[in-house]
Amino acid sequence: MTDVGRADRISVGVGAAVRAFLREPIQVAVLLALPLVVIEGYGYAMTAFPEFPFMEMNAETMGRLNGAIYAAAFLSGVMGLFQVISAVQADERLQLCGYSRAELFVTRLATVLAASLIVAAVSLAVLLWRVDVAVPTVVFLALTAAALVYGLLGMLVGAVLPRALEGSLVLVFLVDADDFLSSGMVEIDTRLVELFPLYHPHQVFQSAVDGSIATGDALVTGAYILCLLGVVAAVYVRVTGNGGVLRG
Amino acid sequence: MGSVARVSRAFEMGLREYARTPVLLALLLFLPVYFVGIFVYVLPASEMAITVPGDGQRVVATADLYGVLLIPLLAGLIGGIAGLFLMQAARDADGRLVLAGYHPAQVIAARIGLLVVASVVATAVGLAVLAVGYVPQSLAVFVAASVLAGLTYGLVGVLVGLVLGRLAGVYTMLFVPMFDVFFLQNPTVDDQLWLATYLPGHAVTELAVDAGFSGSVALDPFAQALAALAVVGTFATAAFYRTTRVR
Amino acid sequence: MPNIEKRLRNGDSELDGEVVLRADEISKTYESVLPFVGRTVEVLEGAGVEIEAGEIVGIVGENGAGKSTLMQILVGALGADEGAVAVDGAVGWCPQEPLLYDRLTVRETFRLFGTAYGMDDGEIAEARDHYADLLGFEQFLDYRVDHLSGGNRQKINLSVALMHDPDVLLLDEPYTGFDWETYLAFWNLTEELTEQGTAIAIISHFVSERERFDRIVELADGVLTDVTDREPEASNGRGSGVAASEDGSTPGVNAGD
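Heads up: the protein sequence lines correspond to chains A, B and C, in order. 48 is the number of the first residue of the first sequence in the numbering used here; add one for each residue after it. 148 is the number of the first residue of the second sequence in the numbering used here; add one for each residue after it. 273 is the number of the first residue of the third sequence in the numbering used here; add one for each residue after it.
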């Protein structure tokens, strides 16, 4: 197997995953509709609450921002979950057909990355329609980072709970709680909150909306993602058997 | 075997199935704690002015208001998913059960009984969690309204189970009651959307809010709630009947 | 509206002599839901069959020929567009897919279906233990249906069809996943049942032991034809649907579980 062949195989794998996704109209519909529903929904919901005194912006905008992060993170998380479910079913067999485990892993990751970029773009597009954003590129990157964090976490959820319904339900509430508590809407012990997956992406995101770039938080987010990558790699190895030999 | 015995046996088996459905049990235990935890305990204390039907303008604690809204919502969520799962099982084995000798009406009676149980249990669990912070004023009416919400949405879940699969169905039955009770029926919203009056959550939420905050409750919405139940119930029963009989 | 429901139970039968099940001129078309989209399939076109008490009839045909559809119509799970089915006595149906409640245990499954059949608890226990012993699933009585292997699930599927001692048995590929011993036990059972006068129709993809059947009918082009005396095709086994493996083994039955 040459290196050129390797790149080809990976792109074939990612392409197949994207095509398979697009072939189900309901999945495409959810991809497009969810960000809209969540962003508008959160915005509307927040108008029902009184202004929280420590918030810097009005409640409705806060709601929309939270919605954008939620949509990106949740959709990507579900994608990660589905990738692992698929991996648990198919990857050992694919190894027998000639894919190396590294290629399969990179394919899965690349698919999650592609998904993160796409959901971040859709989320941003909906958000821009309603909220003025100072630095759109950085906002996009922040959303992608949030999506990637949960894409990887979704893969971990899938390793523990490789079932579409149950795993996605866990993600719904995980992302919701994380998004809400990381957003700064309520006062919580800062040291604890800083550990939440969405905390630093939230900081980068919110400051980019306002016009500043939170470099410190961006670096921490990058480190967070790298750590997650390591964990996910280890878990992937565990979940897909030993070097192509089917477990007995 | 008499009709009652048959219905009870089908009911008993249905209960066992529910008890062995982890998604349902997990949601039943988790949702009340999660929702009540966030809305009642995490959010900072504040107050809001709402119009209590039949009682006029009142100022209530926001936490109490959301607590009161949450119980019929929880019943609706759990009931809806319970109904969804019922229909999905029905599409397979209930038809065979009817061929073996059950009358469809007996199976339907057992299934509706199960939905009532799901609604009652969801209401009870929700109330138990809420009661730590707030107890609705007219408890009996409040419970009745919540159970009614659960049963009505349970029958909606049965209809949804006709068309949607497990994954899509669960998400629909999570989203729709939340959208209905929390957003559209929210008493803090001044201009209620026209759609709100036609949704299953309308009358029961009105009753629940009234019962939650006042000692005497205007019982008129019960008629509307029962009418909504009858409409959904008729469709659901017809759908169920058709599913278990000759196609 | 065509006369479809002519199901008689232990009452006056309009069926002559030994005939316990008769289907006349059964037609069924699957139409696509939307116009101009999808296929319209005429599965059955005037199919007819008679089964007598104590007979074992094999129903063969290519994949997709409509055998399961026919059986569902005979049983009453599906309505025919045209034609009539008359049955004299109680029917037991073993569908191709195990139509069972996944989360109930084997014991609970028997109790529920036994109640449906009108059996009391004593009769249910007796039938359950009898078939558990015969087909070999006594150790699984407290297992949930969805925790059973495919073969064991099929044993329960079959037992539910048999437990109430029906007069007519309609079995759709009943021995899928059976191990060799259970397979043999099954044929012993059918012999006993036919001696008692039960009529049995079995849909099978292969009829390697043709002697076990009194008659074989083939479903092709929407109609049933008696092919009892036709020799099986030699090499590819297609056409008649009767496939005898060259080495005499029975395909589809596992040598071990």
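What the hints contain is simulated information worked out from the structure, not anything from laboratory work. Do not rely on the hints blindly, as some may be mistaken.
Said to hold, decoys possible - Interface residues of chain C toward chain B, partial, derived using beta-carbon atoms under 10 Å:
| id | residue |
| --- | --- |
| 1 | Q368 |
| 2 | R383 |
| 3 | F385 |
| 4 | G390 |
| 5 | G394 |
| 6 | W452 |
| 7 | L456 |
Claimed, not checked - Incomplete in silico selection of chain B near chain C, CB under 7 Å:
| id | residue |
| --- | --- |
| 8 | M160 |
| 9 | E164 |
| 10 | R238 |
| 11 | D239 |
Just so you know, even glycine gets a beta-carbon here, dropped at the ideal spot from N, CA and C.
Verification of the hints:
Checking C/Q368 against chain B: minimum C-beta separation of about 12 Å lies over 10 Å; hint violated. Look at C/R383: its Cβ gets to within about 7 Å of chain B, closer than 10 Å, so that hint holds up. Satisfaction of the interface hint for C/F385 is found here, the shortest Cβ-Cβ separation to chain B being roughly 5 Å, below the 10 Å cut-off. Using the Cβ-Cβ criterion of 10 Å, the hint placing C/G390 at the interface with chain B is satisfied: the shortest such distance is roughly 6 Å.
With 10 Å as the threshold, the beta carbon of C/G394 stays out of range of chain B, its nearest partner Cβ sitting at about 12 Å, so the hint is violated. Checking C/W452 against chain B by beta carbon gives a least distance of about 28 Å; that is not within 10 Å, so the hint is violated. Below 10 Å, beta-carbon pairs count as interface contacts, and C/L456 has none with chain B, the closest being about 27 Å; its hint is therefore violated. For B/M160, the shortest C-beta to C-beta distance to chain C is roughly 5 Å, which falls under 7 Å, so the interface hint holds.
With a least beta-carbon distance of about 5 Å to chain C, the hint placing B/E164 at the interface is held under the 7 Å criterion. Violation of the interface hint for B/R238 is found here, the shortest Cβ-Cβ separation to chain C being roughly 10 Å, above the 7 Å cut-off. A least Cβ separation of about 5 Å between B/D239 and chain C falls short of the 7 Å threshold, and the interface hint therefore holds.
Checked against the numbered hints given earlier, this structure breaks hints 1, 5, 6, 7 and 10; the rest are met.
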